[in-house]
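In my numbering, the protein residues as written are 1 to 316.
Hints may be right or wrong, so weigh each one.
For lysine-lysine, the following BS3-like pairs were computed, each having C-alpha atoms within a straight-line distance of at most 25 Å [said to hold, decoys possible]:
(1) 190 to 243
(2) 215 to 194
(3) 177 to 49
(4) 254 to 304
(5) 243 to 194
(6) 83 to 49
(7) 31 to 177
(8) 243 to 253
(9) 190 to 304
(10) 215 to 177
(11) 35 to 253
(12) 31 to 83
(13) 190 to 254
(14) 56 to 35
(15) 243 to 254
(16) 31 to 56
(17) 190 to 177
(18) 83 to 56
(19) 35 to 52
(20) 131 to 177
(21) 190 to 131
(22) 49 to 31
(23) 190 to 83
(24) 215 to 253
(25) 52 to 31
(26) 253 to 194
(27) 35 to 254
(28) 49 to 35
(29) 83 to 131
(30) 215 to 254
(31) 194 to 304
(32) 190 to 215
(33) 304 to 215
Computed spacing ranges between beta-carbons, pair by pair [claimed, not checked]:
(34) 297 to 261: 42 to 50 Å
(35) 299 to 266: 45 to 53 Å
(36) 73 to 265: 18 to 26 Å
(37) 224 to 150: 30 to 38 Å
(38) 251 to 295: 46 to 54 Å
(39) 259 to 113: 29 to 37 Å
(40) 219 to 294: 16 to 24 Å
Because the hints were derived from the structure by calculation, they are not lab data.
No residue lacks a Cβ here, since even glycine has one placed at the ideal position from N, Cα and C.
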Amino acid sequence: MLFRTILFDSAIQPVPAREELIYNSLYRLLKDVYKYGVILVDDEGEILKSFKSILKEWNELSNFPEGSQAGRDLFRLFEAISKNNRFIEVSAQKTEILCDSITCERQISIAHHHEPDFLLSGQRCLTCLGKNLTSLKTALAIAVDSYDRNEEFQRFTSMRGFEISAGLWCQSDFENKVLIPLFRVTDTVKLFDKQMGEYFDSNSGYGNTLEWCLKVFSEYSISTPERRFEIYVGSVRSLGARKRIREFEREVKKFYSDEFDFEVVWGSHHSHDRFLETNQVRVFVGRGFDLIQDSFGSYPRRLKDITVGYIDEVSF
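Please construct the entire structure, taking both the sequences and the accompanying hints into account.
Here it is, written out as structure tokens:
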């Protein structure tokens with residue numbers, strides 16, 4: 001539910017007055033990234049340093065209708081993207097490429113090793129990207145001035161959630177469409193479900209679903225010293241459920257002790273709706289987290305009816 005992209009320098013370069021439409025496309029594009037995606041950058045900070053340098057050039061334009069306001073608006077968007085953890089730092093390993101730009105070398109290296117969904121650039125870079133990224137099967141290169149006419153990109157930005165009848169999805173469907181896109185760009189997950197706390201001992205679906213989610217989190221989330229998974233169970237009146245949750249917590253902490261922190265949070269008041277929250281987004285899971293239907297089946301087991309929605313709190 002979050003796409004991963006690489007933003008090349010050529011995508012945000014200042015444009016002359018006669019190309020104001022490109023600026024408008026760039027502004028809309030960055031708003032879409034802020035809402036629906038993340039930008040992969042190198043963990044040494046060189047790509048972000050280059051971005052900041054280019055944004056300063058916008059303020060120096062003398063023939064642009066928007067004047068220095070264009071630069072301020074773009075800078076404000078980049079700040080919002082950063083504040084909402086939409087810049088994801090990854091390793092940029094050395095890669096041989098046919099390009100003289102040092103920054104571009106880092107970005108293409110990231111593309112080779114992390115295979116994002118989209119590569120966003122200026123028109124002049126598309127040919128170069130085609131030469132250097134022929135091995136990528138999934139990444140789609142798009143020019144800024146034509147991104148809003150690209151059907152694949154628009155499909156991502158219009159996908160606000162899923163409503164699936166019982167048995168139509170199995171675990172692998174939910175992983176590929178929901179869990180992995182969220183987990184692979186975060187090191188922190190919070191899961192809220194008051195009903196889980198009350199029925200954890202009598203409904204095995206909760207424990208089975210949590211074990212599965214923790215396994216996917218272990219495999220795909222960003223490995224940092226701060227990696228953490230929390231579940232919020234509300235006020236649990238059932239002694240049996242409370243006992244079973246404590247046992248489950250001990251088991252998980254022991255099993256994943258070398259990978260991430262795990263904690264059960266009791267007594268916090270939340271609405272009836274169930275949520276999954278990461279560093280970047282919050283989605284609601286209307287059915288709750290007893291998703292697995294075939295309790296005794298083998299992976300990938302069928303799931304119960306599912307309603308998943310992306311909560312959009314963007315206010316631009």
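| request: Report the numbers of all earlier hints that the structure fails to satisfy, in ascending order. | output: 3, 4, 11, 20, 21, 27, 29, 34, 35, 36, 38 and 39
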